[in-house]
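Protein chains: 2
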Amino acid sequence: MTLAPVEPALNETAAFMEDALQEYLPEAVGPQARVIEAMRYATLGGGKRIRAFLVLQSGRQFGVDRRALSRVAAAVECVHAYSLVHDDLPAMDNDDMRRGKPTVHRKFDEATAILAGDALLTHAFTLLAGHETHPDPHVRADLVLRLSQAAGFAGMVGGQMIDISGKALLDDIGQITRMQRLKTGALISFACEAGALMGRAPLQMRHALTNFAHDLGLAYQIVDDLLDHEGDAAVLGKAVRKDEKAGKATFVTVLGAERARAQAEILASQGAAHLDVFDEKADLLRGLVDFVVNRRA
Amino acid sequence: MTLAPVEPALNETAAFMEDALQEYLPEAVGPQARVIEAMRYATLGGGKRIRAFLVLQSGRQFGVDRRALSRVAAAVECVHAYSLVHDDLPAMDNDDMRRGKPTVHRKFDEATAILAGDALLTHAFTLLAGHETHPDPHVRADLVLRLSQAAGFAGMVGGQMIDISGKALLDDIGQITRMQRLKTGALISFACEAGALMGRAPLQMRHALTNFAHDLGLAYQIVDDLLDHEGDAAVLGKAVRKDEKAGKATFVTVLGAERARAQAEILASQGAAHLDVFDEKADLLRGLVDFVVNRRA
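Protein sequences appear in the order of chains A and B. Each residue of the first sequence is one higher than the one before, starting from 1005 at the first, in the numbering used here. Each residue of the second sequence is one higher than the one before, starting from 1005 at the first, in the numbering used here.
Bound conformation, chain A alone:
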């Protein structure tokens, strides 16, 4: 089977989400305009929008309205953006550049960056809970519940805590895998699950999507580590090999580049196999797997 390349669809999604986020983010007016400017700076004008793509494509399997999906996709992108803003802070990873631009605390200041992250996280829940997101309030409440679980102590924040706790907790591949499943996997998994929740998908299909998401998320992270290792700061738009230099374990430092590459490919085909229960409407999700493994940035 030959799949159509996924790049045009990703580019279309990126443009669509730029418009959606322009609309769903508040306007930078009023005496608190500065924090809104920082929210917009952190969220607009960049990123591959893979999480948004997953929301839109998973919802498409069940015929969910694209406009409604765009609100959930925007919520996920707000949570992703907030996590980057806080992770980049001096007290965390202390990064100066992100997507080729100064990080939020460099462009504004640390206090504004902390507040902008807080406001983006909060805004995600405003988007999910609004009645335009879904006519059934059960679905809206479920989306809030699942996103909050994916983003909090048992998900993304928990993973970041383990990550910055450093070497002591991360000396084998099992521990790194568990950390990444929380740090990046939980939100990717929510992105896939959201479309199923909105489309009231049968449990079997919902599980197929979350299993797909787990494999995709890990493959994505391994490739991130590989790109960071091979590192071209100009292409990636951020500093490279910081983890390695800091002596932090990554998939590459523990497995070596060759085995890490092989592992990403195994995960990719395993992930794609979970999609066998779907028809050709899932071809873009299948194509995404290849894109993730073969990307150069």
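Everything labelled a hint here was simulated from the structure, so no lab data went into it. Being a predicted model, the structure only gives us computed values, none of them experimental. Wrong hints could be hidden among the right ones.
The list treats identical chains as one, so a pair stands whether inside a single copy or across any two.
Here are the computed lysine to any residue pairs in the SDA-like style, where the Cα-Cα straight-line distance is at most 25 Å [as the list claims (entries may be wrong)]:
hint, residue 1, residue 2
1, 1252, 1237
2, 1111, 1098
3, 1242, 1114
4, 1246, 1114
5, 1252, 1037
6, 1246, 1263
7, 1111, 1030
8, 1246, 1236
9, 1052, 1244
10, 1246, 1035
11, 1242, 1088
12, 1249, 1035
13, 1246, 1260
14, 1105, 1249
15, 1052, 1230
16, 1252, 1112
17, 1111, 1169
18, 1111, 1245
19, 1111, 1096
20, 1111, 1094
21, 1252, 1034
Since chain A is already given, all that's left is putting chain B on it; use the hints.
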């Protein structure tokens, strides 16, 4: 009319909420235990729990189940605790002490404090969205919507942004009032509204409670500024006169202590008057107004 003193009821609520938060906060286990410990440290063992009291008492007007109210009260306390953790950070107010204990970033470290705040904010939405909070998912989604609006760029975070932007934006009483309505008023207002939402109160009663909350919130803040001005660090459990020393405008620096005190009393009686539509079940809310104006810490 003589009101029963509100202190015993506040003390009972504080003990009840300590148990509730013990139950609703996650257990500090697993590789991310550190961030959970910090969440618990920030939330348990202190505070007057006035916001929780408002949730419980406003819900009581409409016969709402106390167990369900305790989840919403806990969510509000989580948001309040998160805001203190982030406001205390070196990049914000740089405070070392809070409620007589080291602040979270002093007890743990800055990165853990940022993450614990993020996780507490996120956990508030897990609590609201869970089906135990209310059988009607409309109510749960509405609670999420209103809390996210009260806590975000148009509420608490917006107010904090204005506050740290400093003197330029805060040179008259109108501006200070608007800032405080966002920074502390919005969450207090949500606490009062939540009980009405859960009890599907008539709009008139819901508005009476939010009007009451606005006056109470401002009176509370003016008294905070007065206590800070008269300042006894040992009684307050935190550093005093920091704002004044930093040249920041407060109700006291702009109005003077005497007029500020008079203003708090006007707001208090105005606030109590909004409760005229309620019967004697609202006596503890009426009593709270006196408590807030006359408190010494």
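25 Å Cα threshold - placement of residue 1030 relative to residue 1111:
within (19 Å within a copy, 36 Å between copies)
Given a CA cutoff of 25 Å, do residue 1111 and residue 1169 count as a within-copy pair, a between-copy pair, both, or neither?
between (27 Å within a copy, 16 Å between copies)
Are the CA atoms of residue 1111 and residue 1094 at most 25 Å apart within a copy, between copies, both, or neither?
both (13 Å within a copy, 18 Å between copies)
Should residue 1252 paired with residue 1037 be assigned to within, between, both, or neither, using CA atoms and 25 Å as the limit?
between (38 Å within a copy, 20 Å between copies)
Could you figure out if residue 1249 and residue 1035 sit no more than 25 Å apart (CA to CA) within one copy, between two copies, both or neither?
between (42 Å within a copy, 23 Å between copies)
At most 25 Å between CA atoms: does that hold for residue 1111 and residue 1096 within a copy, between copies, both, or neither?
Result: close both inside a copy and across copies, 17 Å intra and 17 Å inter.
Is it within, between, both, or neither for residue 1052 and residue 1230, if the alpha carbons may be no more than 25 Å apart?
within (18 Å within a copy, 51 Å between copies)
If the cut is 25 Å between Cα atoms, do residue 1246 and residue 1260 qualify within a copy, between copies, both or neither?
For residue 1246 and residue 1260, only the intra-copy Cα distance (17 Å) is at most 25 Å; the inter-copy one is 53 Å.
For residue 1246 vs residue 1263, is the C-alpha pair at or below 25 Å within one copy, between two copies, both, or neither?
within (21 Å within a copy, 56 Å between copies)
With identical chains treated as interchangeable, where does the CA-CA distance between residue 1052 and residue 1244 reach 25 Å or less: within a copy, between copies, both, or neither?
within (18 Å within a copy, 47 Å between copies)
Alpha-carbon proximity context of residue 1242 and residue 1088, limit 25 Å:
within (12 Å within a copy, 32 Å between copies)
Tell me, please, which holds for residue 1252 and residue 1237 at an alpha-carbon limit of 25 Å: within, between, both or neither?
within (19 Å within a copy, 43 Å between copies)
The structure is consistent with each of the numbered hints, conforming to all of them.
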